[in-house]
Structures are given as structure tokens and as C-alpha cells.
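Residue strings, one per chain:
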Amino acid sequence: MFLKNASSKIKQIESLPIILVYFIIMASFLLMAPQVFTGYRIYMSFLQTVPPMLVLALGLTLVITAGEIDLSFSAVIAFSGFVFCYVFRTFDTPWLAFIMALASGALVGYINGILIAKIGVPSIMATLAAQFFWNGVTILLSGGLSWNIKEIKEYVIHPFFVGRVGGIIPVQSIWALLVAIFLWYILNRHVFGEHISFIGDNVDVARVMGVNVVTTKIQLFIIMGIISSFAAVLLTLEMINFWTTQGSGFLLPVMAAVFIGGTSIAGGKGTIVGSFFGAYIVGSLEAGVVASGIGGYWTRLVTGLVMAISVILNIIFGTSKDKKIKEKIKDSVFLKGIK
Amino acid sequence: MMSQKKSFEYAVRMVDIEKYFGKVAALRGINFEVGANEVVGLIGDNGAGKSTLIKIITGVFPPSGGELYIRDEKVDFSKYSVKIAHQLGIETVYQDKSLGDQQPLWRNFFIGRQIKNRFGFINVKKEKEIAHDIMMNVIGFRGAGITVDSTVSNLSGGERQGVAIGRAMYFDADLIILDEPTIALSLKEVQKVLDFVNKIKQSGRSCIYISHMLSHVYMIADRFFILDRGKIITSIEKSQISLTELNDFLLKYANKK
Chain A
1 MFLKNASSKI
11 KQIESLPIIL
21 VYFIIMASFL
31 LMAPQVFTGY
41 RIYMSFLQTV
51 PPMLVLALGL
61 TLVITAGEID
71 LSFSAVIAFS
81 GFVFCYVFRT
91 FDTPWLAFIM
101 ALASGALVGY
111 INGILIAKIG
121 VPSIMATLAA
131 QFFWNGVTIL
141 LSGGLSWNIK
151 EIKEYVIHPF
161 FVGRVGGIIP
171 VQSIWALLVA
181 IFLWYILNRH
191 VFGEHISFIG
201 DNVDVARVMG
211 VNVVTTKIQL
221 FIIMGIISSF
231 AAVLLTLEMI
241 NFWTTQGSGF
251 LLPVMAAVFI
261 GGTSIAGGKG
271 TIVGSFFGAY
281 IVGSLEAGVV
291 ASGIGGYWTR
301 LVTGLVMAIS
311 VILNIIFGTS
321 KDKKIKEKIK
331 DSVFLKGIK
Chain B
1 MMSQKKSFEY
11 AVRMVDIEKY
21 FGKVAALRGI
31 NFEVGANEVV
41 GLIGDNGAGK
51 STLIKIITGV
61 FPPSGGELYI
71 RDEKVDFSKY
81 SVKIAHQLGI
91 ETVYQDKSLG
101 DQQPLWRNFF
111 IGRQIKNRFG
121 FINVKKEKEI
131 AHDIMMNVIG
141 FRGAGITVDS
151 TVSNLSGGER
161 QGVAIGRAMY
171 FDADLIILDE
181 PTIALSLKEV
191 QKVLDFVNKI
201 KQSGRSCIYI
211 SHMLSHVYMI
221 ADRFFILDRG
231 KIITSIEKSQ
241 ISLTELNDFL
251 LKYANKK
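The listed protein sequences derive, respectively, from chains A and B. Residues in the first sequence are numbered consecutively from 1, following the working numbering. Residues in the second sequence are numbered consecutively from 1, following the working numbering.
The shape of chain A in the complex, shown without the other chains:
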């Protein structure tokens, strides 16, 4: 009886399989490269590089839970980064720059939301177009140049977002953790999160039960835009630099993080905890594989392997075994509207 209780308690822990995968990976790195992984530096380097990707993955989790997809966040990384630098350099006020950067992300999200929820463009197409468009806008406005903003180090905003606590722990990792906690509450405890889960699960049910699907989806994409622009600010501040292609490497790793975490591609079931560990897995693999002496050529292969294993674990331990949900996967965002 006690054992049964204990095992059901353990099963209730959100995203347990993926947390185990994370610790198994870390343990194997520790075995293979003890000289690197017993020191604190490698972990501090993860805490410095992973947060922008992590923040994006957390936002994308909500979008995928609603049965939609956003491919435009990598353009927002560039666009909002540019807006941040531009406003800062022109008006010399970093907080206004911060607010304008978030507003620019909200604008991109709002337009995405209108296209998707009001006009009915499949999100994969609307946000793909948006990615090209906003990347193009960024290149035009910046003249294709990169901008250095090292003078921002003099302002309080720099240590506030990307400083080092006690000279060691990167502050952005704490911000990313706060975003994760906040979005966990939004997804699991707020009406909005419940609505997006039902929309992703079965949009007819959501509608019949009185959920305003159009408004909720527009709000969702606005939130995704704001989250993306927050990631852009973290990245730009850390690099004290803006360059036009600064978002281009994020698209696939962020999506990998969300799916490794166990959020269902079919929509209806998203996990913030899973995406949190998914992002750290994706973000640690490259450095870890190199440090453990396997060699840089292996990193992609290992990433693919880990992703496949994680998704299989999620299917075995998750609810996606269900026949109906399997059918739903066939009907997911990537095929929606193409049939």
C-alpha cells in the first residue's frame, strides 16, 4: 500500500522522464569529463548561454499547447534586439529601450494573432511569412550592420538583467527561472492556460463551453511576442551587441527543447517543467559532448539521439499512447491547412 502510494506520488511529478534524462546526461558527462564537470565554471557557462533559448522555449510551450506553432520568434530576437539598441542609442534611456523592445515583440505577436485567429491563416504559414518579413524589416532599418552598445554596461539595466550574483551566478538564469515559474502558474493555474489547453485539445469543445477562441489566440501570440522580445533583450545585453542574424540559430534548438520536454505536438498538453529541462538538455549537449572528448563532430548526432529517446520516453510514459491522440497528431499544426 505504501509502495503503491509512493509510486503514484512519483508518477505525479511533472515530466519525470525528462528530468531523469537530464540527470543521466549530466552524470555521463561527469563520468567522461570529470575534470570539466566537477568544476562550477561549466555550469555557470550553461546558466549564461541557455536562458534566452529557455525563455523562448517556455513561450513556445504555450503556443504548441494551443495546437499552434510560432516560427517568427527568431525574427523577433533580431527585430526587438534592434529596437532595443536603436532606442537606447537615440534617447540614451535603457528602460525606455526595454519597454519599446517588449512593445515591438507584442506588435509582431498581435499581427500574427490577427492573421491566425481572425483571418484563419494556418499558424505555420503566417509565422513563417512573419519570420521573413520582420527579419527583412530589421535588415532594412539597421542597414545590415551590427551595433555595439558597450556603453550600456554603465547603466543599472545591465547588471539587473545579465549581471553576476556574488560575481558568479548569471542573473539571466534567475530571470529565466522566474519566467518559468510565472508561466507554470499561467498554464496550470490560470484561466488563460486552461483555455489554451482546451483550444489545443479540441477547439469545438472550447467554443461550445464558452471560451472566446479568437481573443484567446490573439492574446497567446501577443504573449509569445513579448516573451520572445524579452529573450532578445537578455541576449543583446549579454552580448552588448546587436547583429542582424542574431536570432537565426534559435529556431530548431528551441523547438527541440519543447518536444524533448514532452509537450504534445498534437496540442492540448504542454509542460513548462519539461521545456525547462528540455532547454537545459539541448543547451548543455554541445558543450558537454565537446568537453567529454567525444569530439565536436558528434554533437549533432548526440542531440538527435537524445531527442529521439526523450520523445519515445514521453510516449511510453505519457498519455499520447491513446488512439484518439495519435489520430490528432496526424492532424497537428504541421499538416493543418495543407490537406
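These are calculated hints, taken from the structure and not from any lab test. Glycine included, each C-beta is placed from N, C-alpha and C at the ideal position. Hints are supplied without guarantee of correctness; some may be wrong.
[Stated by the list, open to error] In silico DSS-like pairs for lysine-lysine, Cα to Cα no more than 25 Å straight-line:
#1 Lys83/B with Lys116/B
#2 Lys118/A with Lys79/B
#3 Lys188/B with Lys199/B
#4 Lys199/B with Lys97/B
#5 Lys97/B with Lys74/B
#6 Lys97/B with Lys118/A
#7 Lys231/B with Lys256/B
#8 Lys55/B with Lys79/B
#9 Lys74/B with Lys231/B
#10 Lys116/B with Lys128/B
#11 Lys256/B with Lys118/A
#12 Lys83/B with Lys118/A
[Said to hold, decoys possible] Part of the chain B face toward chain A, derived, beta carbon under 8 Å:
#13 Tyr80
#14 Tyr94
#15 Leu99
#16 Gly100
#17 Gln103
#18 Ile111
#19 Gln114
#20 Arg118
#21 Val124
#22 Lys125
#23 Lys128
[Unchecked claim] So the derived label-pair ranges between C-beta atoms look like this:
#24 Val214/A with Asn247/B: 44 to 52 Å
#25 Met125/A with Thr147/B: 35 to 43 Å
#26 Ile183/B with Arg300/A: 21 to 29 Å
#27 Ile312/A with Asn247/B: 23 to 31 Å
#28 Val214/A with Arg118/B: 19 to 27 Å
#29 Met136/B with Val156/A: 51 to 59 Å
#30 Met136/B with Pro34/A: 39 to 47 Å
Fit chain B to the supplied structure of chain A, relying on the hints for placement.
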């Protein structure tokens, strides 16, 4: 469960309702009513106009002509909508559109009507308590191995109908519309659903039961409306006709076509 005292004669009444889609008449001269605490069986073939009739009652679209009364009060179609129908105590339970499969039961009870604070955060503990209470005392899921945390996809077809019906009863619906609730269910599951419908009756509510499974309708309805090609052919009290007679009547009518 206490029977509710109803202050109206008819839960819903239609007078000379007609509905045209372009030039096609979907409904003509419909006079239809459901009394307080009456279970009405709506019978008809595919395309007879059953769902059009229901959609007018539930506010999906207005009729082309005629009058609709809900709880004896005339409906103003310019202000009528699905939301208003909800507020007037009309709940529809659809076979496939009632529950989110991947969500836990307690969320399914309260979706769209959450117990929340002013910041929109859900009172999970309270929702679970009430959901538990509905399951035990309204639906009667005793010892079935189902808890409020169960995911809907783990429920049988009949149990799903039970959850949706229980939800409608908890939110004080006066009229519960069941659209083909026993389609694709095993015999045992059908019996569960019919038991749920009896609970609707016992609690003093009204019900429209749409089905072409005659034997199921006959078991639980007080009165039958037979709809064919947009017209109501007849309305019969259960006491006036046996199942065999009803069956024969429908067969004869179908052969006359």
C-alpha cells in the same frame, strides 16, 4: 436529490417556426414544446431537421420565421445567442464536443465557468471538491476507479456522457439537450447513459433526447416528436403507444415515401 419546483409551464415552446437556407426549407410550420420536467424524444432520419431545430433553440442561428418561448417568455432573436441560451439554463451535450480528451475531469467540469479570483487564477482545491461531489452524488460514479484527476481519454463513452450530463445538472440547466448520446456505445454503456437521463428527470429538469435508436428513446421519453423532411408529422404520448406500434408507425411512414 430534491425535485426542483418550476415556475413555468414549458421549458421551451416553438410556434410556427420555419427556417430557410437560401431557398431550401429546412423547417416548416414547427410547433414543438417541452414541458417542465418532461423528457421529449425527438425522432427522425438524417436530414429530417433535428439539428436545425436544436440549433434554433440553443441560439446558434435564428429561424426565418415563427416564435420561440423559453420558460414561457418570448425570445427576441436579435439579442439571442449561444451565451444567452446558456444563461437561460439550456445546455447541450454533444457526443464528441463536450469534453477535452487530454484534460483531467475537474477541469472539464469547470471549463468556461471556472471558480477564480479576480486575477483569473483558478481555485483548484474548490473546483476539485465540487467535481468530486458531482461525481459521487449527481452522476453516481461510486467506486468506478475514476477520480477527479482522471484524464477523460481513460473514460468509457457512457462515462463521458455522464460527466457532461452531471456538469449540465450542476450548473442548474433547466433543459438538457442530448444529441445522439448513445451512438457507437456498447449495450452496457447505453444503459449507463439511460440511467443518467433518468437522473435528469428525477431532478425535476426537462430534456430533449435526440436519437434514431427508437428503443433507447422509448425507454426514457415521456413523449415523442417525429420529424420528417422539415415537418413534425406527429407528437405522441408514451402512454398512448407501445414500442412495437411506434416502430410499425415509422416503418409504414417510411414505406409511404
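Now the hints, each set against the structure:
1. Lys83/B with Lys116/B: holds (19 Å)
2. Lys118/A with Lys79/B: holds (23 Å)
3. Lys188/B with Lys199/B: Roughly 17 Å between the alpha carbons, so the hint for Lys188/B and Lys199/B holds.
4. Lys199/B with Lys97/B: holds (22 Å)
5. Lys97/B with Lys74/B: violated (29 Å)
6. Lys97/B with Lys118/A: holds (22 Å)
7. Lys231/B with Lys256/B: OK: Lys231/B and Lys256/B at ~16 Å, within 25 Å.
8. Lys55/B with Lys79/B: holds (15 Å)
9. Lys74/B with Lys231/B: holds (22 Å)
10. Lys116/B with Lys128/B: Holds, at about 13 Å.
11. Lys256/B with Lys118/A: Violated - the C-alpha atoms of Lys118/A and Lys256/B are around 48 Å apart, more than 25 Å.
12. Lys83/B with Lys118/A: Given pair Lys83/B, Lys118/A holds - Cα atoms ~20 Å apart, limit 25 Å.
13. Tyr80: violated (15 Å)
14. Tyr94: holds (7 Å)
15. Leu99: holds (6 Å)
16. Gly100: holds (4 Å)
17. Gln103: Gln103/B check passes; min Cβ-Cβ to chain A is 6 Å, inside 8 Å.
18. Ile111: holds (5 Å)
19. Gln114: holds (5 Å)
20. Arg118: Not OK, violated: Arg118/B not within 8 Å of chain A, min 11 Å.
21. Val124: holds (7 Å)
22. Lys125: Lys125/B check fails; min Cβ-Cβ to chain A is 11 Å, beyond 8 Å.
23. Lys128: Hint on Lys128/B: violated, closest Cβ of chain A at ~13 Å, above 8 Å.
24. Val214/A with Asn247/B: 44 to 52 Å: Roughly 46 Å apart at Cβ, these two residues keep to the hinted range, so it holds.
25. Met125/A with Thr147/B: 35 to 43 Å: Holds, since Met125/A and Thr147/B (Cβ atoms, about 41 Å apart) stay within the stated range.
26. Ile183/B with Arg300/A: 21 to 29 Å: This hint is violated: roughly 50 Å between Cβ atoms.
27. Ile312/A with Asn247/B: 23 to 31 Å: With Cβ atoms ~53 Å apart, the hint is violated.
28. Val214/A with Arg118/B: 19 to 27 Å: Holds, since Val214/A and Arg118/B (Cβ atoms, about 24 Å apart) stay within the stated range.
29. Met136/B with Val156/A: 51 to 59 Å: holds (57 Å)
30. Met136/B with Pro34/A: 39 to 47 Å: Violated, at about 56 Å.
The structure fails hints 5, 11, 13, 20, 22, 23, 26, 27 and 30 (numbered hints given earlier, in ascending order).
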